[in-house]
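According to my numbering, the stretch in the sequence shown is residues 945 to 1376, in order.
Any given hint might turn out to be false.
[To be verified] Calculated cross-link-like contacts (lysine-lysine; reagent style PhoX-like; alpha-carbon spacing at most 25 Å):
| no. | residue 1 | residue 2 |
| --- | --- | --- |
| 1 | Lys995 | Lys1108 |
| 2 | Lys1001 | Lys1032 |
| 3 | Lys1141 | Lys1128 |
| 4 | Lys1001 | Lys1040 |
[What the hints assert, rightly or not] Computed beta-carbon distance windows for the label pairs:
| no. | residue 1 | residue 2 | range |
| --- | --- | --- | --- |
| 5 | Leu1228 | Asn1155 | 50 to 56 Å |
| 6 | Gln967 | Arg1171 | 36 to 42 Å |
| 7 | Ser1179 | Ala1355 | 41 to 47 Å |
| 8 | Thr1138 | Ala961 | 51 to 57 Å |
| 9 | Asn1359 | Arg1256 | 39 to 45 Å |
FYI, nobody ran anything at the bench for these hints, they're computed from the structure. Beta carbons are placed, not taken as given, at the ideal position from N, Cα and C, and that holds for glycine.
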Amino acid sequence: MMQTGLDLAESKPVTKAVPWRYQYSDKSLVEEVHDTRYIYGNWDHLFGCWKQETNSKQPTEIIPHWLLIDENGVWVQSDEAFQLKFPKIGARQSTKWKHQERAAFIAYISSIPRSIRSLVAPFGQYSWILLDMIWQMPKFKKFLDQEIRINHGQYIVAVLALAKVRDITRGARRQIALDIMQTKRKLVIDSLVTSSKTSMFIKFLPKFGSNYYEPQVYEDVLNALVRPGIVRAISELQGGKPEILSVLMCLPEEFMVPAVVRMINSEKWGYYASLRNLVALMRLTPKSIQTRVFDALRSIRTSEEAQTMVSRWEQALIEKIHFPKPPLKAHRQLKPITSAAEMKKEGREMNNCLADLVTEVITKNKYYYRWEGPERATVCVMMVGFGENRHLTSNTAGDWIFSHAAGVKNAELSNQLIEYLAGLVKRLNFRC
945 MMQTGLDLAE SKPVTKAVPW RYQYSDKSLV EEVHDTRYIY GNWDHLFGCW KQETNSKQPT
1005 EIIPHWLLID ENGVWVQSDE AFQLKFPKIG ARQSTKWKHQ ERAAFIAYIS SIPRSIRSLV
1065 APFGQYSWIL LDMIWQMPKF KKFLDQEIRI NHGQYIVAVL ALAKVRDITR GARRQIALDI
1125 MQTKRKLVID SLVTSSKTSM FIKFLPKFGS NYYEPQVYED VLNALVRPGI VRAISELQGG
1185 KPEILSVLMC LPEEFMVPAV VRMINSEKWG YYASLRNLVA LMRLTPKSIQ TRVFDALRSI
1245 RTSEEAQTMV SRWEQALIEK IHFPKPPLKA HRQLKPITSA AEMKKEGREM NNCLADLVTE
1305 VITKNKYYYR WEGPERATVC VMMVGFGENR HLTSNTAGDW IFSHAAGVKN AELSNQLIEY
1365 LAGLVKRLNF RC
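Assemble the whole structure, with the sequences as input and the hints as a guide.
Written as structure tokens, this is what we have:
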């Protein structure tokens, strides 16, 4: 069954015809569009993928950065994959073109044994690399099957990510496959990175389950393990989702108490917004208040208590910290929202998330206004010329520019109103 691809902007039709052809044989599949050619070597001949431009004499082996098979090992046809292969082509594929492509790739994918396709298919972006390793080292198939049963294959994926296998040669990939099968795991990881936490990293990998992430995620996890708070937090985690880990990595050590970690692990992201705000607000409070907050966090035991405590302290600090003065000159229709209470009221009336953005005004260089014209809107202005986290201590420092605006329920505004508001903000800037 053909899948409907993304309607990418680059896929708009053009008037000129684009030459294309597909040629399948017992040795390879050749896909040629305009001046770019891909050669896919058959499983029974020389498996791999090579790319050649018309101005180059020799093709270069590549690892496809688009999906060729889905989770069932069946070829994937999509406009997105086509655009990734041929980013300079502005034409849509005709029905005949797609039929030829489909027939050619189904024949090509069918040359790969079904059992092998089914084994690697769940690994998504890593599936082609695993096919390559199995083709070069047939024993790797059995090893991969065993690893899937033991730890979902996460150790293998971590090695591929840390080794940056997309950038190494065919021979180097074969050596990586050998090392994975024959060398102790810690030694393999140690050969790829400089870290004192490789053993802990290997023990953590099964927490990812059967989810396989971008290479950067595996690097970030390894780097985070040097923090004692992260190590303690990991013992509380039931899973290893990158979203949860990224939250933990951004927290100061003092917030790494078990109850807060459990709250994060519950994936109630509304409470995460409050936690993020509290962390930002703490940077602006005296040490004495910070100590009170940390003592309070250490005294709680459950995720529910953490939710209550974080929300309570967030509101308390918002009330204590000075709310900045409006940065723009007064205007009869563009009214500043000058307090946390007013921001919450605006959020209710406009049915938007303004109530959650109070900390942006207090800790970052943003300010919100109410547009009281015929078309009601909430308007955001931002300061340029300073770092993102600079606190608003002066309404004359830096230049204020229009950021964005939206109507009720974040409805889009007319282009005419957007242009008018942007110009109005420019005129009302104190520095103008």
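Evaluated hints:
About 19 Å separates the Cα atoms of Lys995 and Lys1108, which keeps this hinted pair within 25 Å; it holds. For the suggested pair Lys1001 and Lys1032, the alpha carbons sit about 20 Å apart, so the restraint of at most 25 Å is met. A hinted pair counts as satisfied when its Cα atoms are at most 25 Å apart, and Lys1141 with Lys1128 qualifies at roughly 15 Å. Between Lys1001 and Lys1040, the direct Cα distance comes to roughly 30 Å. Violation of the 25 Å bound is thereby established for this hinted pair.
About 37 Å separates the C-beta atoms of Leu1228 and Asn1155, a value inconsistent with the hinted range of 50 to 56 Å. The beta-carbon spacing between Gln967 and Arg1171, approximately 54 Å, falls outside the hinted interval of 36 to 42 Å. Range check, Ser1179 to Ala1355: about 46 Å between beta-carbon atoms, so the 41 to 47 Å window is met. The hint said 51 to 57 Å for the Cβ distance between Thr1138 and Ala961, and at roughly 54 Å that hint holds.
At roughly 43 Å, the beta carbons of Asn1359 and Arg1256 sit within the given window of 39 to 45 Å.
Checked against the numbered hints above, the structure breaks hints 4, 5, 6 and satisfies the rest.
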